[in-house]
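Chains as they are written, first to last, in the numbering used here: chain L, 221 to 458; chain C, 69 to 650.
Hints may be right or wrong, so weigh each one.
[To be verified] In silico SDA-like pairs for lysine to any residue, Cα to Cα no more than 25 Å straight-line: (1) C/Lys411 with C/Leu326; (2) L/Lys299 with C/Lys164; (3) C/Lys164 with C/Pro117; (4) L/Lys445 with C/Lys648; (5) L/Lys328 with L/Arg424; (6) C/Lys159 with L/Arg440; (7) L/Lys357 with L/Lys445; (8) L/Lys330 with C/Pro213; (9) C/Lys411 with C/Pro213; (10) L/Lys445 with C/Val171; (11) L/Lys297 with C/Thr217.
[To be verified] Covered stretches of chain L (chain C as the covering partner; in silico rule of three or more C-beta atoms under 8 Å from a C-beta of chain C): (12) 357–365; (13) 417–428; (14) 439–448.
Calculated directly from the structure, the hints in this document are not laboratory data.
Glycine is no exception: its CB is placed at the ideal position from the N, C-alpha and C atoms.
Residues per chain, in single letters:
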Amino acid sequence: MDNRRKFLVDLSIGATGLLAAGAVASAIAGAVESKHGQPKGVQFFSIDKLHGRGQLPEATVETSDGKTVRFYADLIKGKVVLINYMSIDNEKDFPIVGGLLEVTQQLKSKLGTDLHIVSITSDPVRDTPARLRAFAKRMGIPKQGWHFVRMSGKDSAIVSARLHRHPMPPDPRSRISVIHYGNEPLGLWGMFPVGIAPVDAAMRVASVMPGKPIGGEMRRAGPRKRDEAGHAFNNRIA
Amino acid sequence: MVSRRFTLKLGAAAGAGLVTGSAFGQTVPQSGLVFPDGYQPSWTRAPSPPSTPFVTPLFVMPIAQPVPESALNPPPDPASHQRYGEFQPQKFYIQKMQEGKWVYHSDPPYNKGSWGYTIDGIVPGPTFITKYGEPLLVRRLNQLPPVGTGVVTWALPSFAIHTHNGHQASESDGYPADFADPGEYWDHHYPSFPAGNDSREIMGTLWYHDHRLDFTATNVYAGFSGFYLAFDDLDSNNENDPNPKAFRLPSGKYDVPLILHDVLFDQDGQVVWDYVGAQPVSSNENGGGGFGPNPLYTVDGMVGDKFTVNRIIQPYFQVERRKYRLRLLNGGPSRFYSVAFTKDGKTPEPVHVISTEGNLLPKPVLTDDYFDLWPANRYDIIVDFSKYEDGDKIYLTNRLEERADGAGATGRYLDPTNLIMRFDVMGGEVEDPSRIPEFMRPLPRIDLSEVKREREFVFDYTNGMWTINGRLMDPNRIDAAIEQGSAEIWTLRNDGDAWGHPIHTHFEEFQILEINGRPVDPDDVTSIGRKDVVQLGPGDEIKFFGRWRDFFGKYVMHCHNVVHEDHAMMIRWDIVEPGKGF
Chain L
221 MDNRRKFLVD LSIGATGLLA AGAVASAIAG AVESKHGQPK GVQFFSIDKL HGRGQLPEAT
281 VETSDGKTVR FYADLIKGKV VLINYMSIDN EKDFPIVGGL LEVTQQLKSK LGTDLHIVSI
341 TSDPVRDTPA RLRAFAKRMG IPKQGWHFVR MSGKDSAIVS ARLHRHPMPP DPRSRISVIH
401 YGNEPLGLWG MFPVGIAPVD AAMRVASVMP GKPIGGEMRR AGPRKRDEAG HAFNNRIA
Chain C
69 MVSRRFTLKL GAAAGAGLVT GSAFGQTVPQ SGLVFPDGYQ PSWTRAPSPP STPFVTPLFV
129 MPIAQPVPES ALNPPPDPAS HQRYGEFQPQ KFYIQKMQEG KWVYHSDPPY NKGSWGYTID
189 GIVPGPTFIT KYGEPLLVRR LNQLPPVGTG VVTWALPSFA IHTHNGHQAS ESDGYPADFA
249 DPGEYWDHHY PSFPAGNDSR EIMGTLWYHD HRLDFTATNV YAGFSGFYLA FDDLDSNNEN
309 DPNPKAFRLP SGKYDVPLIL HDVLFDQDGQ VVWDYVGAQP VSSNENGGGG FGPNPLYTVD
369 GMVGDKFTVN RIIQPYFQVE RRKYRLRLLN GGPSRFYSVA FTKDGKTPEP VHVISTEGNL
429 LPKPVLTDDY FDLWPANRYD IIVDFSKYED GDKIYLTNRL EERADGAGAT GRYLDPTNLI
489 MRFDVMGGEV EDPSRIPEFM RPLPRIDLSE VKREREFVFD YTNGMWTING RLMDPNRIDA
549 AIEQGSAEIW TLRNDGDAWG HPIHTHFEEF QILEINGRPV DPDDVTSIGR KDVVQLGPGD
609 EIKFFGRWRD FFGKYVMHCH NVVHEDHAMM IRWDIVEPGK GF
């Protein structure tokens, strides 16, 4: 079975999982359990298959270009990266990608070199590569450094488990979500809720960027003067 | 004293058949568990290197020393602080927040030192000794190496230091978004007056710790915590005080702050940040559902396998045969304890609890039982060592069992227990001028006619996210606007069925009205007095009365399992002008 065909077969399992997540978890769990001979319980990934200080799993993903690439090795390794879930149909009511686009506009960092974004669809059946490609174009997503991807049932479960979700594709109808941000080489990871002010999110992302040596006088970070303009979400000097 | 809520729940849960038995013959419910039943952690694969208990002396933090105002260059900006002119600082301090090594134990490999975050070169940081009526200002310098240039990679070199639960203005509270990055500093102004200028609101045992947005857990774990003690004319830090009204509690070297942190180390003795967590497993895979091991970072909690007190692994402390004031604090990040002082490692010795959450009670409570110590809980305890003989050993003992596989509590009681530190009773009889007062601070009156609003906050878990009222923390969103000078009643409810949440709200103390519809048991030291943390066990509902006074601005309420806090189990509330609340 070639990779493309295998992906589509797996995807059908994933689609079933959206309706009956427990069944998907069982299927994945059984396979892993059998392979590693766990006497009890289930391990979704083995230690020796985790990568980097952030201990991320590898997975096969399909990009909006229709290419099959590696989730960790090709999209995350060695990068400052944002990882989020989204779905095209949900974007109107819960604009995750639109919000992220605003975040990138607040950042001085350059997409594709300083910063990378991996947007994983939680609706892999409807969000085909072609549809994701059209969506990205419609949204005005920069061509460099921002990848829209979908995963098969098994790979989706592995990645979502790592990202603190239940071992199933996240519910595309969700109205709360989080975005992971991290400096992969360092293993420094945080996450912020979807919907926070773009400038707030941008400050958080900037905080994990490689720092520069400090010299000269120390700067007063705050508090700012009480009558001085600044962000509503902090008391820092702007 | 046995009629505490935890014990009551124990009986109820056992009767309902919710739990299994233990070797100790006792059962407790799932309340307060960091990890749900069935969970297996990763660190059993790589536990910390062994260390000999009770061979390393307790570290007693030095007292923070003021500096001349002129040492602050540029000087503090009065226009940056609310009511600065009314509460002009009389003392000034500078704290250097740095990366450095700390020796947790004298055995190898720990004796080589472990990298972490230090305050003025030590962990925990120096202890502030402050007095009501003497405002102070602390300038905190971020001298941490910028991201990617230091040794500690898993914490963020940025801080927002919160004095828990200081009555200070928003801009000095350590609001999570008020951070200082490397090369920056922040001025924290502490006005040192009781809430509402009501002497019944005077506090005693406070602590300071990092509150950095998204990275509080890592940064506190890395080392950013310390004590902040407040005194007044009654609790005067002088056991020989001639003032007839003074409490004359044990003072000076007989007043000892103790902060508990559980830490995990690698085989080189370096601190490991590994907040592993559970992964749900399908019910048809392990015969009933549950949780499988996850070697990865999660949002659940971080549990270490080495008990430290003042950042020393299982220390010993030589004590004279007299009374001591021991200030117990669970500094987290996530572990729950049930503690007592024992001679045989099991049976609680009678001690006097004089304060909860750092606030002196109306009168001391004599207890001969264990008491629950959740993250951020504080108790001041008077232990009278005069009743022991030279050579006797007394242990600070935890009986809440960790899982056989290591992480989180099982809900069962241990036998044998964990011996966290040892007090070595030394010498002959000594003079002891200190006293255990019959009465201390009366509680502020609860006047329901002052109540302007009642609010409800529901704590839950949704697909890997810790929510309050179904939402995640947004520092730009005001979840409650409280009118200055008003009182409110808040109901906190835990809709989860397996997780305990120590919920902390900033700035003002409150008094619990009801727990699960029942009034507070006056002997329950976990619930009486003025509080700033509640133990919200699975399914619990706690109602409290509080007042909001004196300052304006933004503050937070959050879960003090700081891993939950970092994963957005937090709200912003503001104090606003009268008439502008919502």
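Results for each hint:
1. C/Lys411 with C/Leu326: holds (19 Å)
2. L/Lys299 with C/Lys164: Cα-Cα ~31 Å, so violated.
3. C/Lys164 with C/Pro117: violated (31 Å)
4. L/Lys445 with C/Lys648: Holds. L/Lys445 to C/Lys648 sits at ~23 Å (cutoff 25 Å).
5. L/Lys328 with L/Arg424: Satisfied, since the Cα-Cα distance of roughly 13 Å is no more than 25 Å.
6. C/Lys159 with L/Arg440: Holds: C/Lys159 and L/Arg440 sit about 20 Å apart, inside 25 Å.
7. L/Lys357 with L/Lys445: violated (44 Å)
8. L/Lys330 with C/Pro213: holds (24 Å)
9. C/Lys411 with C/Pro213: Given that 25 Å is the threshold and the Cα spacing comes to 45 Å, the pair is violated.
10. L/Lys445 with C/Val171: violated (41 Å)
11. L/Lys297 with C/Thr217: At roughly 19 Å apart (the allowed maximum being 25 Å), C/Thr217 and L/Lys297 satisfy the hint.
12. 357–365: violated (count 0)
13. 417–428: Held - the stretch 417–428 of chain L has 5 residues with a Cβ nearer than 8 Å to chain C, which meets the minimum of three.
14. 439–448: Since three or more residues must qualify, the claim that chain C covers the stretch 439–448 of chain L holds, with 9 doing so at under 8 Å.
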